[in-house]
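K.L.:
The listed protein sequences correspond, in order, to chains W and L. In terms of my numbering, the first sequence has 595 at position 531, counting the first letter as 1, and numbering is strictly consecutive. In terms of my numbering, the second sequence has 186 at position 146, counting the first letter as 1, and numbering is strictly consecutive.
Because the hints were derived from the structure by calculation, they are not lab data. Cβ atoms here follow ideal geometry from the backbone N, Cα and C, with glycine treated the same way. A few of these clues could be false.
To be verified - Just the calculated beta-carbon pair ranges, DEER-fashion:
1) L:Glu232 <-> W:Glu336: 18 to 26 Å
2) W:Ala618 <-> L:Ala60: 43 to 51 Å
3) L:Ala60 <-> W:Asp550: 43 to 51 Å
4) W:Ala354 <-> L:Asp220: 41 to 49 Å
5) L:Glu297 <-> W:Lys549: 39 to 47 Å
6) L:Asp224 <-> W:Ser546: 30 to 38 Å
7) L:Gln248 <-> W:Ser546: 38 to 46 Å
8) W:Asp369 <-> L:Asp220: 23 to 31 Å
9) W:Ser325 <-> L:Glu142: 28 to 36 Å
10) L:Ala60 <-> W:Ser546: 35 to 43 Å
11) W:Ser105 <-> L:Ala60: 57 to 65 Å
12) L:Asp220 <-> W:Lys357: 24 to 32 Å
13) W:Glu438 <-> L:Asp220: 51 to 59 Å
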Amino acid sequence: MPDLLLEIGCEEIPARMIDAASRELRERVSTLLQRERLEPSGAISHLDTPRRLVILAFGVPSTQPDLTEQVNGPSAQIAYKDGQPTPAAHAFAKKVGIDVGRLEKIATPKGEYLAATVTRKGRTAGEILAESLPKEISTLYWPKNMYWRKRGEVFVRPVRWLVAMLDEQVVPLEVFGLAAGKMSRGHRIISGGAVAISKPSAFVETLRTAKVLGAPEREHVIRKALDAATRTIPGARWREDKPLVATVVNLTEFPSVILGSFDPEFLDLPEEVLVTVMRDHQKYFAIEDANGKLLPHFLAVLNTDTDTDGLIRHGNERVLRARFNDARFFWQTDQKQTLRQRVNLLRNVTFQKDLGSYYQKTLRVQRIASRLAEIVKQNGVAVRPGVIHKAAVLAKADLTTELVKEFTELQGIVGGLYARVQHLDDDLKPDVQLAISRTIYDHYKPESMEDSAPATVEGAILSIADKADSIAGMFALGLVPSGSKDPFALRRQANGIVKTIAEHKFPLRVSEIMSDARLRYKGSEAEKKFSNTAYAEAVRSFFRERLEFYLKDARGYAYDVVSAVLAVDSDDVVDATARAEALSKVRGSEDFKSISVAFKRMKNILRQAAEKTNVIAIRVDSSGLKEDSEKELAALIPQTVARVEKLRAAHDYEAALLEIGKLRPAIDKFFDKVMVMVDDDDLRANRLALLQSIVKEFSTIADFSEIVTEGKESPK
Amino acid sequence: MTPTDSNSLTFQQLILKLQAFYAERGAVIQQPYDVEVGAGTMAPETFLRVLGPNPYKVAYVQPSRRPADGRYGENPNRLFKHLQLQVILKPPPENVQELYLESLAAIGIDLRQHDIKFEEDNWESPTLGAWGIGWQVMLDGLEVTQFTYFQQCGGVDLDPISAELTYGLERLCAFLQDVDSIYDIVWARDPETGREVKYGDVRLADEQQFSVYNFEAADVQSAWKHFELCEAECKALLDRYTSLSKDKSEEDGIVREKARFPLLGAYDLCLKCSHYFNILDARGAISVTERVGVIARVRALAVGIAKAWMDQQYGSGKKSEKKSEKDVEVPKSAVKEKKGKLIPVG
């Protein structure tokens, strides 16, 4: 059985898009082969570089197996008249390509029908692939497409060559005006260019001689070379940076690494600035000593094999020097105006076109933060006086600095650094100034779910206030994220709020934060443009999703636990997290599995009752209950409720849940002995009331009916 | 060997070599446009030529003014006015990347001794209603060229597209000469005496004085007035063209007036607006609420001109559609031959 090779040769694909596209292409080819009954006996592998996506499938059947199938035709009544085939029968015979005499009759529930057994000859893999691959290639998903040949025909970058082979045979496919062949291309600079592929199994080796390596091998080479280069400096290590490794892997076809140096004088600049320049702008790895202190060296990953004369190192050092010089120049220029003076300049910096300037935002955030500080203080959280207010005023001032204009990713950080070195106020104690600087420094955190929340209470409060203000403004304007559309990264900001509240265990309710944030726009120019009448509801469901994401993805709680917990309340992040924690602990017990099943059953019964508009008694009248088991259960409820409520009030959710778990024998017995939906109206109304009170009283921590209980529909 | 020895190209030799390179490949070597622009893209040789079906190849140096980028001549890497070598290849040849790499070889860069990467970098100009997809070309860690496949310009979808190669000449030259400050670039070297004229000798005063002008001295009220006058005149011209274009009569007078209508004049006015906007911006005179609005005003002019230009040059009426089809056919065959005759626009 032949091997299949497909190579899409392309101009440089953006590094960030390669992995996903490669996976998708592999998936598409695999599905295609399966669908066409051409499943390979061996593996399907892929090899991708910035200039190519490659699929290799080993042992693809050269033709589809023949397919014998029964084709149904017209009913026998129509097909035969007086035992003679009618035109309908002839037409059917012609369609399936067999003699009328060889048609069969089959019995179906609708009567007797004509049928034919036909064998469809399998088509060759080459034919099928030539026909189907173009569509798979041209419909690959790319985050950003372009056209270059004609309109309507798009890909991530122009496709320049195609290789498609089944063993030594070319698969004659055509796409983007290119015909597939056997000619691939080697590394742009350090190979001879075009290279002929003899057969798919030789592809990887042929490309290697043409200085092109697959991604896993490139990563291996890069990591080894980074290690080797770093070893030349005693005690040094390079800073692990997985995203950066992934990027340079996808920027190279044949990587190597050089070690460069910079003037140690630059180490006077803040490390944050140096690392940002190296990492984000130059894609260099930073090197540190055993204590984590930055060393005046860097590692650059090249897309070529050697730097024999040190020219490339020299060039990279020159660029870095210029960048560092720039940064130093900006740093010095920025000191000409203090952050305090810069606050006024924020009047000219747009926050969002309808929401006004950063100056206005500053005033709002300051008020939101002060109020949040009050609330958490009242709830016993220690908040340093004199920090939040000042930090909030200065927090955005760094947006007017040269350094942030140049390195936008350093917003906040630069403000924090400047707040540390500048004169902020005459009678400011050094420790308070340091706290202010720290608060500003951290206030964009967490930038992602992986990033940590601000470490200090003040930083956390400012972070929440800043993000709440942005979300409130955008939501009020109706700019609610939908699908992949979230241009202001509101989801990330809301995630940040949720994570910060959860980690600091702040006694804050999201709805209150958000309605306060909305209130801060009152009377502003921006408010005239507000159009979202369903603000509160939109914010609520948005944050519910964010909390769900946090509990599931960041905390790892099972989805049913999360659903059960959020069904009760999603406004108090800390509380929801604690309830999820407790429920996760008890849900595995036998008692709880049974309780969950019972709750589902109770809810079903109550739903049926509602559908039939059955009357439910206002409260349970124990004298109206008949069976022992129901009387026992009814008697158990009030005392259990009291105990559960006490524990719940003390936030001891686990103990409260265990208490509910103790109801299991009584509930099981009830369902064993009692039928709820009886004909006797009073009795039924009473029993329904009993169920309703159980569901209501014991669903204050979680809605147990959401808990998945492996296929057990109802207890025996 | 270092990239610099006294043999490395002077600034002017670099420009001459690159121009010669593209001239040999059939491009028109244009001269810099004589209205202030922020980038080579804004010169009509790019903005208008990329519209419509006609193939075109052009290269030119464009002094690009960005008032807010001025640093009083004190920063060794930043300029208020820098020089771009702008190349438009319409449509891009299949080997456009290889062609570009050859141009680097032509200025003495042995690619085997250097590290070249094409890193994703897409380009967008809200002011021009234009965007494209492409890369920044990194040479030993230095961004030397912006490589863009133009997709839309003046709000018009391009067909065919153009490749736009923008070389940052100062950077490239500082790299070749291995100097740390732009002002130390050797602009010219007297072949007889060996006497050198540096970039700083030629341009430092510009940088100092225009920084002062743009950041401190420019009169805000006059700049606004200039802006508004240019805008009003441009709009009036566009309005006139619009009413003309609605006149579908075949009358000779109308047809001729349309054909000779000064849209190029209107475009200059639009460029002026953009320049005054930049000055006002550098002066910090544009408030938040105004900013987006002002950009939109300039864009409205640019988009209006692009639309009118398409109508004037390629026709949008039924009758002229045929004409444009014919236009498409001729040039297409011309592109196939490598040194095919260039069909001028209009």
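K.L.:
Taking the hints in turn, state whether each one holds.
P.N.:
A quick look at each hint next to the structure:
Separation of L:Glu232 from W:Glu336 is about 52 Å and departs from the stated range, judged on CB atoms against 18 to 26 Å. Taking 43 to 51 Å as the suggested C-beta distance range, the pair W:Ala618 and L:Ala60 does not conform, at roughly 60 Å. One distance hint, 43 to 51 Å for the beta-carbon pair L:Ala60 and W:Asp550, holds here, with the actual separation near 49 Å. Distance hint check for W:Ala354 and L:Asp220: the Cβ-Cβ separation is about 33 Å, which falls outside the suggested range of 41 to 49 Å.
Taking the beta carbon of each, L:Glu297 and W:Lys549 are about 46 Å apart, inside 39 to 47 Å as hinted. The given range of 30 to 38 Å is broken by L:Asp224 and W:Ser546, whose C-beta atoms sit roughly 53 Å from each other. Our hint of 38 to 46 Å for L:Gln248 and W:Ser546 is violated, since their Cβ atoms are close to 51 Å apart. About 28 Å separates the C-beta atoms of W:Asp369 and L:Asp220, a value consistent with the hinted range of 23 to 31 Å.
Restraint check, W:Ser325 to L:Glu142: a C-beta distance of roughly 33 Å satisfies the suggested window 28 to 36 Å. Between L:Ala60 and W:Ser546 the CB atoms are about 54 Å apart, so this pair departs from the stated range of 35 to 43 Å. Checked against the hint of 57 to 65 Å, the pair W:Ser105 and L:Ala60 passes, with Cβ atoms roughly 58 Å apart. For L:Asp220 and W:Lys357, the hinted distance range of 24 to 32 Å is satisfied, since their beta carbons lie about 27 Å from each other.
Distance hint for W:Glu438 and L:Asp220: a CB-CB separation of about 54 Å, consistent with the stated range 51 to 59 Å.
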